[in-house]
Amino acid sequence: MIDEALRVFKDLDSKDFRILTGIETGMKHFEWVPMEQLNKYTRLPFEKLEYRLKKLVRTKLVVRITQPYEGFQIYFEGYDVLALNAFVKRKSISAIGDEVGVGKESVIYEAILPPELSIGEPVPVVIKFHREGRTSFKQIKRVREHLGEREHFSWIYAARLAAQREYDIMTTLYPEVSIPKPFDHNRHAIVMELAKGSLLSKTKLIDPEWYLDEILKQVKITYSLGIIHADLSEYNIFASEDGVQLIDWPQYITPEHPHADEILERDVSNVLNHFFRKYGVKRELDETIREIKNQTGKSAEDIKENTENRSERSIVEKRKLEKTLEEGFEEEDLEKSFEENIEKDIFQEEDFETERFETESFEAEEFEAEEFEAEEFEAEEFESDETEAEDRKVQDLKKTASKKRTSDKE
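Numbering (the working numbering), first residue to last: 1 to 410.
Derived by calculation from the structure, the hints in this document are not laboratory data.
Note that beta-carbon positions come from the ideal geometry of N, C-alpha and C, so glycine has one too.
Check before you lean on any hint, since a few could be wrong.
[Said to hold, decoys possible] When the alpha-carbon atoms are kept at most 16 Å apart in a straight line, the in silico EDC-like pairs for lysine to aspartate or glutamate are as follows:
id, residue 1, residue 2
1, K293, E265
2, K60, E4
3, K278, E234
4, K60, D11
5, K278, D207
6, K204, E176
[To be verified] Simulated restraints, written as ranges between beta carbons of each label pair:
id, residue 1, residue 2, range
7, L194, E31, 54 to 64 Å
8, P115, D213, 30 to 40 Å
9, L117, T171, 19 to 29 Å
10, V281, D11, 48 to 58 Å
11, Y75, E116, 30 to 40 Å
12, Y75, F276, 18 to 28 Å
13, E50, Y75, 14 to 24 Å
14, D3, W32, 56 to 66 Å
15, R7, W210, 38 to 48 Å
16, Y235, K181, 43 to 53 Å
17, P68, V102, 35 to 45 Å
All chains should be modelled from the sequences, with the hints used to inform the complete structure.
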(Lines of atoms letter the chains of each structure in order from A and count residues from 1; the text may use other names and numbers.)
(Lines give C-alpha, C1' and ligand atoms only; values in the text may rest on other atoms or scores of the structure.)
Protein backbone atom coordinates (compact mmCIF):
# COMPACT_ATOMS: atom_id res chain seq x y z
CA MET A 1 0.00 0.00 0.00
CA ILE A 2 2.54 2.60 1.09
CA ASP A 3 4.92 1.31 -1.58
CA GLU A 4 2.50 2.48 -4.25
CA ALA A 5 2.30 5.92 -2.64
CA LEU A 6 6.10 6.17 -2.54
CA ARG A 7 6.38 5.12 -6.18
CA VAL A 8 4.14 7.91 -7.49
CA PHE A 9 5.01 10.58 -4.91
CA LYS A 10 7.76 12.22 -6.94
CA ASP A 11 5.50 12.51 -10.01
CA LEU A 12 2.80 14.56 -8.24
CA ASP A 13 2.57 18.34 -8.54
CA SER A 14 0.72 21.10 -6.73
CA LYS A 15 -2.55 20.63 -8.64
CA ASP A 16 -2.55 16.90 -7.86
CA PHE A 17 -2.19 17.66 -4.17
CA ARG A 18 -4.95 20.27 -4.47
CA ILE A 19 -7.30 17.67 -5.93
CA LEU A 20 -6.41 15.08 -3.28
CA THR A 21 -7.00 17.64 -0.53
CA GLY A 22 -10.31 18.62 -2.10
CA ILE A 23 -11.48 15.00 -2.07
CA GLU A 24 -10.21 14.62 1.49
CA THR A 25 -12.27 17.61 2.57
CA GLY A 26 -15.34 16.63 0.61
CA MET A 27 -15.41 13.19 2.22
CA LYS A 28 -16.55 14.82 5.46
CA HIS A 29 -19.85 15.63 3.75
CA PHE A 30 -20.10 13.06 0.96
CA GLU A 31 -19.44 9.34 0.90
CA TRP A 32 -18.38 9.87 -2.73
CA VAL A 33 -17.39 13.45 -3.58
CA PRO A 34 -19.27 14.64 -6.71
CA MET A 35 -17.33 16.04 -9.67
CA GLU A 36 -19.13 19.40 -9.43
CA GLN A 37 -18.07 19.79 -5.81
CA LEU A 38 -14.46 19.02 -6.71
CA ASN A 39 -14.66 21.63 -9.43
CA LYS A 40 -15.74 24.21 -6.84
CA TYR A 41 -13.12 23.14 -4.28
CA THR A 42 -10.13 23.08 -6.62
CA ARG A 43 -11.13 25.93 -8.99
CA LEU A 44 -9.52 24.00 -11.82
CA PRO A 45 -11.03 24.01 -15.33
CA PHE A 46 -13.29 21.01 -15.78
CA GLU A 47 -11.19 19.48 -18.59
CA LYS A 48 -7.94 19.70 -16.60
CA LEU A 49 -9.65 18.38 -13.48
CA GLU A 50 -11.03 15.38 -15.38
CA TYR A 51 -7.62 14.64 -16.94
CA ARG A 52 -5.81 14.76 -13.60
CA LEU A 53 -8.46 12.65 -11.88
CA LYS A 54 -7.97 9.93 -14.49
CA LYS A 55 -4.24 9.95 -13.73
CA LEU A 56 -4.87 9.74 -9.97
CA VAL A 57 -7.29 6.84 -10.50
CA ARG A 58 -4.69 5.00 -12.61
CA THR A 59 -2.08 5.40 -9.86
CA LYS A 60 -4.62 4.09 -7.30
CA LEU A 61 -4.55 7.25 -5.19
CA VAL A 62 -8.22 7.91 -6.00
CA VAL A 63 -11.21 5.59 -6.39
CA ARG A 64 -14.05 6.48 -8.82
CA ILE A 65 -17.68 5.42 -9.17
CA THR A 66 -20.12 6.30 -11.97
CA GLN A 67 -23.47 5.21 -10.48
CA PRO A 68 -25.75 6.68 -9.20
CA TYR A 69 -23.52 9.69 -9.96
CA GLU A 70 -19.85 10.27 -10.73
CA GLY A 71 -18.01 10.52 -7.41
CA PHE A 72 -14.55 10.10 -5.95
CA GLN A 73 -12.81 8.95 -2.76
CA ILE A 74 -9.20 8.86 -1.72
CA TYR A 75 -7.99 5.72 -0.04
CA PHE A 76 -5.01 5.16 2.19
CA GLU A 77 -2.50 5.58 -0.64
CA GLY A 78 -3.81 9.06 -1.39
CA TYR A 79 -3.95 9.96 2.29
CA ASP A 80 -0.39 8.66 2.73
CA VAL A 81 1.03 10.98 0.07
CA LEU A 82 -0.74 13.99 1.63
CA ALA A 83 0.84 13.23 5.01
CA LEU A 84 4.26 12.51 3.49
CA ASN A 85 4.15 15.77 1.55
CA ALA A 86 3.48 17.70 4.77
CA PHE A 87 6.35 15.95 6.58
CA VAL A 88 8.81 16.63 3.76
CA LYS A 89 7.79 20.29 3.57
CA ARG A 90 8.26 20.69 7.32
CA LYS A 91 11.59 18.83 7.15
CA SER A 92 10.29 16.23 9.62
CA ILE A 93 11.65 13.48 7.35
CA SER A 94 14.16 13.41 4.54
CA ALA A 95 13.96 9.73 3.57
CA ILE A 96 11.82 6.68 4.16
CA GLY A 97 12.92 3.07 4.30
CA ASP A 98 11.42 -0.35 4.84
CA GLU A 99 8.35 -1.51 6.68
CA VAL A 100 9.33 -2.46 10.23
CA GLY A 101 5.96 -3.28 11.73
CA VAL A 102 2.35 -3.93 10.77
CA GLY A 103 -0.79 -4.51 12.76
CA LYS A 104 -4.56 -4.54 12.38
CA GLU A 105 -4.76 -0.77 12.78
CA SER A 106 -1.36 0.63 11.78
CA VAL A 107 1.71 0.15 9.64
CA ILE A 108 5.16 1.44 10.60
CA TYR A 109 8.04 2.48 8.34
CA GLU A 110 11.56 3.50 9.24
CA ALA A 111 12.63 6.97 8.15
CA ILE A 112 15.29 9.64 8.61
CA LEU A 113 14.87 12.95 10.43
CA PRO A 114 17.33 15.50 8.98
CA PRO A 115 19.76 17.08 11.48
CA GLU A 116 18.99 20.55 12.81
CA LEU A 117 22.52 21.67 11.90
CA SER A 118 24.33 20.88 8.68
CA ILE A 119 27.15 19.26 10.64
CA GLY A 120 24.80 17.08 12.68
CA GLU A 121 23.94 13.45 12.15
CA PRO A 122 20.57 12.31 10.72
CA VAL A 123 18.25 10.83 13.32
CA PRO A 124 16.60 7.43 12.68
CA VAL A 125 12.84 7.65 13.29
CA VAL A 126 9.69 5.75 12.37
CA ILE A 127 6.45 6.89 10.77
CA LYS A 128 3.32 5.28 12.16
CA PHE A 129 0.45 5.34 9.65
CA HIS A 130 -2.86 4.69 11.38
CA ARG A 131 -5.22 2.38 9.53
CA GLU A 132 -8.35 2.49 11.70
CA GLY A 133 -11.45 1.88 9.64
CA ARG A 134 -9.66 -0.28 7.07
CA THR A 135 -11.78 -3.32 7.91
CA SER A 136 -15.04 -2.75 9.79
CA PHE A 137 -16.37 0.65 10.87
CA LYS A 138 -18.80 -1.01 13.30
CA GLN A 139 -15.98 -2.90 14.99
CA ILE A 140 -13.85 0.25 15.21
CA LYS A 141 -16.72 2.22 16.76
CA ARG A 142 -17.35 -0.55 19.28
CA VAL A 143 -13.82 -0.46 20.67
CA ARG A 144 -13.01 3.22 20.06
CA GLU A 145 -15.17 5.29 22.40
CA HIS A 146 -13.44 8.51 21.33
CA LEU A 147 -15.33 8.29 18.01
CA GLY A 148 -18.48 9.28 19.87
CA GLU A 149 -22.03 8.60 18.70
CA ARG A 150 -21.67 9.78 15.10
CA GLU A 151 -23.85 7.73 12.79
CA HIS A 152 -21.74 8.60 9.76
CA PHE A 153 -17.98 8.85 9.67
CA SER A 154 -15.37 7.87 7.13
CA TRP A 155 -12.18 5.90 7.61
CA ILE A 156 -10.43 9.29 7.26
CA TYR A 157 -12.16 10.47 10.42
CA ALA A 158 -11.30 7.29 12.33
CA ALA A 159 -7.63 7.17 11.30
CA ARG A 160 -7.02 10.90 11.66
CA LEU A 161 -8.65 11.13 15.09
CA ALA A 162 -6.70 8.10 16.36
CA ALA A 163 -3.39 9.61 15.22
CA GLN A 164 -4.23 13.03 16.69
CA ARG A 165 -5.25 11.43 19.96
CA GLU A 166 -2.10 9.33 20.20
CA TYR A 167 0.21 12.23 19.31
CA ASP A 168 -1.44 14.54 21.87
CA ILE A 169 -1.10 12.07 24.72
CA MET A 170 2.48 11.22 23.76
CA THR A 171 3.47 14.89 23.90
CA THR A 172 1.78 15.07 27.30
CA LEU A 173 3.50 12.01 28.77
CA TYR A 174 6.97 12.51 27.29
CA PRO A 175 9.51 12.58 28.92
CA GLU A 176 8.00 11.75 32.35
CA VAL A 177 6.88 8.36 31.03
CA SER A 178 9.32 6.17 29.10
CA ILE A 179 7.88 6.31 25.58
CA PRO A 180 9.37 7.04 22.14
CA LYS A 181 9.79 10.79 21.63
CA PRO A 182 7.10 12.23 19.31
CA PHE A 183 8.42 14.62 16.63
CA ASP A 184 5.55 15.50 14.30
CA HIS A 185 2.01 14.62 13.31
CA ASN A 186 -0.09 15.13 10.19
CA ARG A 187 -3.43 13.59 9.32
CA HIS A 188 -3.24 9.87 10.15
CA ALA A 189 0.56 9.67 10.59
CA ILE A 190 3.01 10.29 13.44
CA VAL A 191 6.78 10.73 13.23
CA MET A 192 8.39 9.44 16.40
CA GLU A 193 11.63 8.16 17.85
CA LEU A 194 12.63 4.61 17.00
CA ALA A 195 11.74 2.47 20.03
CA LYS A 196 14.77 1.04 21.79
CA GLY A 197 15.36 -2.71 21.98
CA SER A 198 12.79 -5.27 20.90
CA LEU A 199 9.24 -6.25 21.75
CA LEU A 200 8.88 -7.83 25.16
CA SER A 201 7.00 -10.76 23.60
CA LYS A 202 10.06 -11.60 21.47
CA THR A 203 12.76 -10.92 24.08
CA LYS A 204 14.44 -13.33 26.50
CA LEU A 205 15.24 -11.32 29.64
CA ILE A 206 18.24 -12.14 31.83
CA ASP A 207 16.77 -10.32 34.86
CA PRO A 208 12.97 -10.51 34.48
CA GLU A 209 12.31 -9.25 38.03
CA TRP A 210 14.07 -5.96 37.28
CA TYR A 211 12.21 -5.47 33.99
CA LEU A 212 8.86 -6.22 35.62
CA ASP A 213 9.59 -3.58 38.26
CA GLU A 214 10.49 -1.09 35.51
CA ILE A 215 7.23 -1.73 33.65
CA LEU A 216 5.11 -1.35 36.77
CA LYS A 217 7.03 1.82 37.61
CA GLN A 218 6.04 3.32 34.24
CA VAL A 219 2.42 2.25 34.75
CA LYS A 220 2.42 3.99 38.14
CA ILE A 221 3.93 7.19 36.74
CA THR A 222 1.36 7.17 33.95
CA TYR A 223 -1.46 6.71 36.46
CA SER A 224 -0.09 9.56 38.59
CA LEU A 225 -0.50 11.81 35.52
CA GLY A 226 -4.15 10.78 35.19
CA ILE A 227 -3.76 8.32 32.31
CA ILE A 228 -4.35 4.55 31.87
CA HIS A 229 -2.87 2.88 28.78
CA ALA A 230 -5.93 0.62 28.24
CA ASP A 231 -4.18 -1.73 25.79
CA LEU A 232 -1.03 -2.76 27.64
CA SER A 233 0.52 -6.18 27.06
CA GLU A 234 3.82 -7.78 26.10
CA TYR A 235 3.07 -6.70 22.51
CA ASN A 236 3.08 -2.98 23.41
CA ILE A 237 6.28 -2.88 25.46
CA PHE A 238 9.85 -2.61 24.19
CA ALA A 239 12.73 -3.86 26.34
CA SER A 240 16.39 -2.88 26.01
CA GLU A 241 19.52 -2.74 28.15
CA ASP A 242 18.48 0.75 29.27
CA GLY A 243 15.00 -0.19 30.41
CA VAL A 244 11.53 -0.31 28.86
CA GLN A 245 9.35 1.85 26.62
CA LEU A 246 5.56 1.70 26.33
CA ILE A 247 4.02 2.17 22.87
CA ASP A 248 0.57 2.33 21.18
CA TRP A 249 -1.47 4.93 23.07
CA PRO A 250 -4.59 5.80 21.02
CA GLN A 251 -6.94 3.83 23.29
CA TYR A 252 -5.85 5.51 26.53
CA ILE A 253 -8.47 6.45 29.10
CA THR A 254 -8.55 8.58 32.25
CA PRO A 255 -9.39 7.48 35.81
CA GLU A 256 -12.90 8.98 35.55
CA HIS A 257 -13.81 6.42 32.87
CA PRO A 258 -16.69 4.25 34.20
CA HIS A 259 -14.61 1.09 33.71
CA ALA A 260 -11.22 2.56 34.63
CA ASP A 261 -10.53 0.11 37.47
CA GLU A 262 -11.36 -2.91 35.32
CA ILE A 263 -9.21 -1.69 32.45
CA LEU A 264 -6.27 -0.89 34.72
CA GLU A 265 -6.54 -4.38 36.22
CA ARG A 266 -6.59 -5.88 32.72
CA ASP A 267 -3.44 -3.96 31.73
CA VAL A 268 -1.55 -5.04 34.83
CA SER A 269 -2.88 -8.60 34.64
CA ASN A 270 -1.61 -8.93 31.05
CA VAL A 271 1.89 -7.97 32.17
CA LEU A 272 1.90 -10.15 35.29
CA ASN A 273 0.58 -13.17 33.38
CA HIS A 274 3.32 -12.81 30.77
CA PHE A 275 6.10 -12.78 33.36
CA PHE A 276 4.56 -15.72 35.23
CA ARG A 277 4.12 -17.85 32.09
CA LYS A 278 7.53 -17.10 30.62
CA TYR A 279 9.74 -16.68 33.71
CA GLY A 280 7.77 -18.04 36.68
CA VAL A 281 7.82 -14.59 38.32
CA LYS A 282 4.66 -14.24 40.44
CA ARG A 283 3.12 -11.03 41.79
CA GLU A 284 -0.27 -10.60 43.42
CA LEU A 285 -2.60 -8.56 41.22
CA ASP A 286 -4.50 -6.82 44.04
CA GLU A 287 -1.32 -5.80 45.84
CA THR A 288 0.23 -4.52 42.61
CA ILE A 289 -2.88 -2.44 41.81
CA ARG A 290 -2.84 -0.92 45.30
CA GLU A 291 0.80 0.04 44.86
CA ILE A 292 0.08 1.70 41.51
CA LYS A 293 -2.80 3.69 42.96
CA ASN A 294 -0.87 4.63 46.08
CA GLN A 295 -0.19 8.26 45.21
CA THR A 296 0.93 10.71 47.88
CA GLY A 297 0.84 14.44 48.51
CA LYS A 298 -0.15 16.87 45.81
CA SER A 299 0.00 14.22 43.12
CA ALA A 300 -3.15 12.47 44.36
CA GLU A 301 -4.95 15.79 44.90
CA ASP A 302 -4.03 16.93 41.41
CA ILE A 303 -5.38 13.71 39.90
CA LYS A 304 -8.66 14.06 41.78
CA GLU A 305 -9.08 17.73 40.90
CA ASN A 306 -8.16 17.16 37.26
CA THR A 307 -10.55 14.23 37.04
CA GLU A 308 -13.46 16.23 38.46
CA ASN A 309 -12.80 19.16 36.14
CA ARG A 310 -12.63 16.93 33.07
CA SER A 311 -15.83 15.17 34.10
CA GLU A 312 -17.74 18.45 34.36
CA ARG A 313 -16.40 19.72 31.05
CA SER A 314 -17.14 16.44 29.26
CA ILE A 315 -20.85 16.80 30.11
CA VAL A 316 -20.97 20.34 28.71
CA GLU A 317 -18.97 19.37 25.62
CA LYS A 318 -21.19 16.37 24.97
CA ARG A 319 -24.28 18.61 24.97
CA LYS A 320 -22.59 21.08 22.63
CA LEU A 321 -21.58 18.22 20.32
CA GLU A 322 -25.12 16.85 20.18
CA LYS A 323 -26.45 20.31 19.36
CA THR A 324 -23.88 20.80 16.61
CA LEU A 325 -24.60 17.43 15.03
CA GLU A 326 -28.33 18.16 15.08
CA GLU A 327 -27.85 21.50 13.36
CA GLY A 328 -25.67 19.96 10.63
CA PHE A 329 -23.61 21.92 8.14
CA GLU A 330 -24.68 24.70 5.81
CA GLU A 331 -23.60 24.02 2.24
CA GLU A 332 -23.28 27.72 1.46
CA ASP A 333 -20.84 28.24 4.34
CA LEU A 334 -18.87 25.18 3.21
CA GLU A 335 -18.45 26.51 -0.31
CA LYS A 336 -17.50 29.98 0.93
CA SER A 337 -14.87 28.54 3.27
CA PHE A 338 -13.24 26.53 0.52
CA GLU A 339 -13.28 29.40 -1.94
CA GLU A 340 -11.50 31.63 0.58
CA ASN A 341 -8.86 28.99 1.27
CA ILE A 342 -8.22 28.08 -2.33
CA GLU A 343 -7.97 31.66 -3.60
CA LYS A 344 -4.78 32.05 -1.58
CA ASP A 345 -3.02 29.45 -3.68
CA ILE A 346 -4.87 29.32 -6.98
CA PHE A 347 -2.88 29.10 -10.19
CA GLN A 348 0.47 29.24 -8.38
CA GLU A 349 3.04 26.92 -9.90
CA GLU A 350 5.73 25.70 -7.57
CA ASP A 351 8.89 23.81 -8.16
CA PHE A 352 9.92 20.64 -6.38
CA GLU A 353 13.31 20.06 -4.80
CA THR A 354 14.70 16.56 -5.15
CA GLU A 355 16.68 15.27 -2.20
CA ARG A 356 18.56 11.97 -2.26
CA PHE A 357 19.82 10.34 0.89
CA GLU A 358 21.74 7.15 1.65
CA THR A 359 21.94 5.38 4.99
CA GLU A 360 23.84 2.30 6.11
CA SER A 361 20.82 0.70 7.71
CA PHE A 362 18.47 0.83 4.74
CA GLU A 363 18.11 2.04 1.18
CA ALA A 364 16.09 5.25 1.30
CA GLU A 365 13.52 6.38 -1.20
CA GLU A 366 13.79 9.72 -3.00
CA PHE A 367 11.49 12.56 -2.14
CA GLU A 368 10.68 15.73 -4.01
CA ALA A 369 9.54 18.40 -1.60
CA GLU A 370 6.60 20.34 -2.98
CA GLU A 371 6.53 24.06 -2.20
CA PHE A 372 2.78 24.35 -2.62
CA GLU A 373 1.34 25.66 0.64
CA ALA A 374 -1.00 22.74 1.21
CA GLU A 375 -1.24 23.49 4.90
CA GLU A 376 -3.36 26.60 4.23
CA PHE A 377 -5.76 24.41 2.31
CA GLU A 378 -5.53 21.50 4.74
CA ALA A 379 -8.88 20.27 5.98
CA GLU A 380 -8.74 21.36 9.58
CA GLU A 381 -12.52 21.05 9.88
CA PHE A 382 -12.16 17.28 9.73
CA GLU A 383 -11.51 17.25 13.43
CA SER A 384 -14.88 17.19 15.09
CA ASP A 385 -15.99 18.64 18.38
CA GLU A 386 -14.88 15.37 19.98
CA THR A 387 -11.30 16.17 18.98
CA GLU A 388 -11.55 19.69 20.38
CA ALA A 389 -12.75 18.25 23.67
CA GLU A 390 -9.78 15.86 23.73
CA ASP A 391 -7.43 18.78 23.06
CA ARG A 392 -8.75 20.58 26.12
CA LYS A 393 -8.33 17.43 28.19
CA VAL A 394 -4.74 17.03 27.07
CA GLN A 395 -3.98 20.64 27.97
CA ASP A 396 -5.30 19.95 31.48
CA LEU A 397 -3.09 16.88 31.69
CA LYS A 398 -0.07 18.93 30.64
CA LYS A 399 -0.82 21.43 33.43
CA THR A 400 -1.06 18.55 35.89
CA ALA A 401 2.29 17.15 34.75
CA SER A 402 3.85 20.60 35.09
CA LYS A 403 2.51 20.96 38.65
CA LYS A 404 3.88 17.51 39.52
CA ARG A 405 7.35 18.38 38.22
CA THR A 406 7.32 21.64 40.21
CA SER A 407 6.23 19.77 43.33
CA ASP A 408 8.98 17.15 42.89
CA LYS A 409 11.63 19.87 42.58
CA GLU A 410 10.43 21.53 45.83
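Structure-based check of all given hints:
no., hint, in the structure
1, K293 with E265, "11 Å, holds"
2, K60 with E4, "8 Å, holds"
3, K278 with E234, "11 Å, holds"
4, K60 with D11, "13 Å, holds"
5, K278 with D207, "12 Å, holds"
6, K204 with E176, "27 Å, violated"
7, L194 with E31: 54 to 64 Å, "38 Å, violated"
8, P115 with D213: 30 to 40 Å, "36 Å, holds"
9, L117 with T171: 19 to 29 Å, "24 Å, holds"
10, V281 with D11: 48 to 58 Å, "55 Å, holds"
11, Y75 with E116: 30 to 40 Å, "35 Å, holds"
12, Y75 with F276: 18 to 28 Å, "43 Å, violated"
13, E50 with Y75: 14 to 24 Å, "20 Å, holds"
14, D3 with W32: 56 to 66 Å, "26 Å, violated"
15, R7 with W210: 38 to 48 Å, "46 Å, holds"
16, Y235 with K181: 43 to 53 Å, "21 Å, violated"
17, P68 with V102: 35 to 45 Å, "36 Å, holds"
The earlier numbered hints that this structure contradicts are 6, 7, 12, 14, 16.
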